[in-house]
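Each chain, letter by letter, is given below.
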Amino acid sequence: MTSAIEARRLDVGYGGRHSAVKVLTGLDLTVAAGSFLSILGPSGCGKSTLLRVVADLLDPLGGTISVLGDTPHAVRSRRDVGFVFQDSTLLPWRSVRDNVRLPLGVGQGSLTRQIEDRSDELLELMGLGGFGERLPHQLSGGQRQRVAIARALLGQPKLLLMDEPFGALDEITRDRLNDELLALWRRSGTTILFVTHSIAEAAYLGERVIVLAANPGRLVKDLDMRPFKQDGNRCSREDPAIVAAMAELRKALELAS
Amino acid sequence: MRQEPLPPTLAIALPVLGAASILLAWQFLLPWLGVPAYIVPTPTAILSVFQKSYPLLLGNLWPTLIEALAGFVIGNLAAVVLAVLFVHNRVLQAAYFPIVLFFNTIPILALSPIILLIFGLGMTPKIVIAAVICFFPTLVNMIRGLGSASSNEHELFRVLSATRWEVFWSLRLPRALPMLFSSLRIASATAVIGAIVGEWIGSDKGLGALIIQASFNYQSDRLYAAIVLSSGLSIVLFCLVVLIERRAIRY
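So the protein sequences, as listed, match chains A and B. Adding 612 to a residue's 1-based position in the first sequence gives its number in our numbering. Residue 213 in our numbering is what sits at position 228 of the second sequence, and the numbering runs on without skipping anything.
Treat the hints as calculated values from the structure; they're not laboratory data. Some clues are possibly wrong.
Computed beta-carbon distance windows for the label pairs [unchecked claim]:
| no. | chain 1 | residue 1 | chain 2 | residue 2 | range |
| --- | --- | --- | --- | --- | --- |
| 1 | A | ASP782 | B | ARG149 | 31 to 41 Å |
| 2 | A | ARG838 | B | ILE229 | 55 to 65 Å |
| 3 | A | THR642 | B | GLY132 | 35 to 45 Å |
| 4 | B | ARG231 | A | ASP682 | 40 to 50 Å |
| 5 | B | ARG170 | A | PRO828 | 30 to 40 Å |
| 6 | A | ASN827 | B | ARG231 | 44 to 54 Å |
| 7 | A | ASP843 | B | GLY132 | 21 to 31 Å |
| 8 | A | ASP843 | B | TRP150 | 32 to 42 Å |
| 9 | A | ASP732 | B | LEU2 | 47 to 57 Å |
| 10 | B | ARG170 | A | GLU783 | 24 to 34 Å |
| 11 | B | ARG235 | A | GLY739 | 49 to 59 Å |
| 12 | B | VAL58 | A | ASP787 | 49 to 59 Å |
| 13 | A | ASP782 | B | SER135 | 21 to 31 Å |
| 14 | A | GLN842 | B | ARG231 | 30 to 40 Å |
Here are a few chain A residues that sit away from chain B, every Cβ distance over 10 Å (derived from the structure) [stated by the list, open to error]:
| no. | residue |
| --- | --- |
| 15 | SER655 |
| 16 | ALA667 |
| 17 | GLY753 |
Note that the structure is a prediction, hence the values are computed from the model and not measured. Beta carbons are placed, not taken as given, at the ideal position from N, Cα and C, and that holds for glycine.
For reference, chain A alone in the conformation it holds in the complex:
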């Protein structure tokens, strides 16, 4: 299996190379293509910052990183990466459909491949078939996040980065969106990096869960979840094996905090 991400002795942080604040140090990480990786960790451990380096929103301070066998910049320019933020980041003046179609309207100059307008198909897929003409403020929090996911998927990215996308939602909506996301992932074969604060969410979604510690940010636990799950990354939230894995992750997280 080829790897989607290869990071070696990666240092990430903010500021220039000389006056930098290091958030994450010496990270070695390989993520298999098509896999679902959950990233857990306390605030300030650098999990969101790591996503920003992968998305070419931030340059690493040191070490090397290759994304889909190329530089993060090349991958971003090819539109092979989609990003979903914690707040849906929908533009309030655009209709739901026009928000999903945003990738068609901007950044086309640097693009070599043609992006199809699949907005209606994606809205249908996300259960928002009749909502295309609505404005974002007319939707619930869960619906807004569905629109944000549809927008991220429009360019059919090979890599989807999700930064606590369901963190602000109620538990029932969050569980439902978790299932929808897994179904999408199984269908698309996209590699997903999913940052979350929730142990249950990380364990339920991830084929693999990594735990990062803060001060200094570093990798402290790397748990393969496949032995705890059935084929296709399927499991029940109450499954004793999953509950045991969650306990293991909680222990690592407690040590990391």
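On the provided structure of chain A, position chain B as indicated by the hints.
Structure of chain B alone, referenced to chain A:
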């Protein structure tokens, strides 16, 4: 404790009744109290000026309307253009924004004679004064508005490899519109004030000139009529801005 909102009929009727009570008191109470008509003429006396001197009032309304409107457009347009330049060039903003703010502290009444000296006695100095008075609030609001997109929104556009132009057109500008329109609402009233101040200082045409002439000649009914007309002009401009705002901002 939060009060219950008024029923819709009362919400409309009460302000109408309030205005009517003041007009009635103005019409009957003030003369009865012995307030002379050369200080406060009655509403009916002011209304009769509109009937008698309709051509005079209209003749003086046009110059003020043109000056206020031209000042409004030029002042706000200049502010928007400069705000766009400032937002895209930090060096320019750091060098000149404090100087622009300093100019804002000069009272418009003190600046007006200089503007008159430069531009003479025609309509131009009045348009310039109206433009100057509109310029500063719009500049400050527009700079804030253009910078009001969240860091996540900027990151979203970066992930999509948007160009600077696309970020401006699809993110910064729509984000700035609510703040732009709130300053345009203020400017709709201040543009009229600017035009009238200009006319006070050196003009024989326009509502400002009419106000000065009427007060010198103790024609207080005409003075009040000119005041009502200038206030009406501001209200019409304000409503126009609100109308455009409702079409431009749907959310």
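Consistency of the hints with the structure:
| no. | hint | verdict |
| --- | --- | --- |
| 1 | ASP782/A to ARG149/B: 31 to 41 Å | 39 Å, holds |
| 2 | ARG838/A to ILE229/B: 55 to 65 Å | 59 Å, holds |
| 3 | THR642/A to GLY132/B: 35 to 45 Å | 40 Å, holds |
| 4 | ARG231/B to ASP682/A: 40 to 50 Å | 48 Å, holds |
| 5 | ARG170/B to PRO828/A: 30 to 40 Å | 52 Å, violated |
| 6 | ASN827/A to ARG231/B: 44 to 54 Å | 51 Å, holds |
| 7 | ASP843/A to GLY132/B: 21 to 31 Å | 51 Å, violated |
| 8 | ASP843/A to TRP150/B: 32 to 42 Å | 49 Å, violated |
| 9 | ASP732/A to LEU2/B: 47 to 57 Å | 53 Å, holds |
| 10 | ARG170/B to GLU783/A: 24 to 34 Å | 44 Å, violated |
| 11 | ARG235/B to GLY739/A: 49 to 59 Å | 24 Å, violated |
| 12 | VAL58/B to ASP787/A: 49 to 59 Å | 55 Å, holds |
| 13 | ASP782/A to SER135/B: 21 to 31 Å | 23 Å, holds |
| 14 | GLN842/A to ARG231/B: 30 to 40 Å | 56 Å, violated |
| 15 | SER655 | 17 Å, holds |
| 16 | ALA667 | 6 Å, violated |
| 17 | GLY753 | 15 Å, holds |
This entry does not satisfy hints 5, 7, 8, 10, 11, 14 and 16, going by the numbered hints stated previously.
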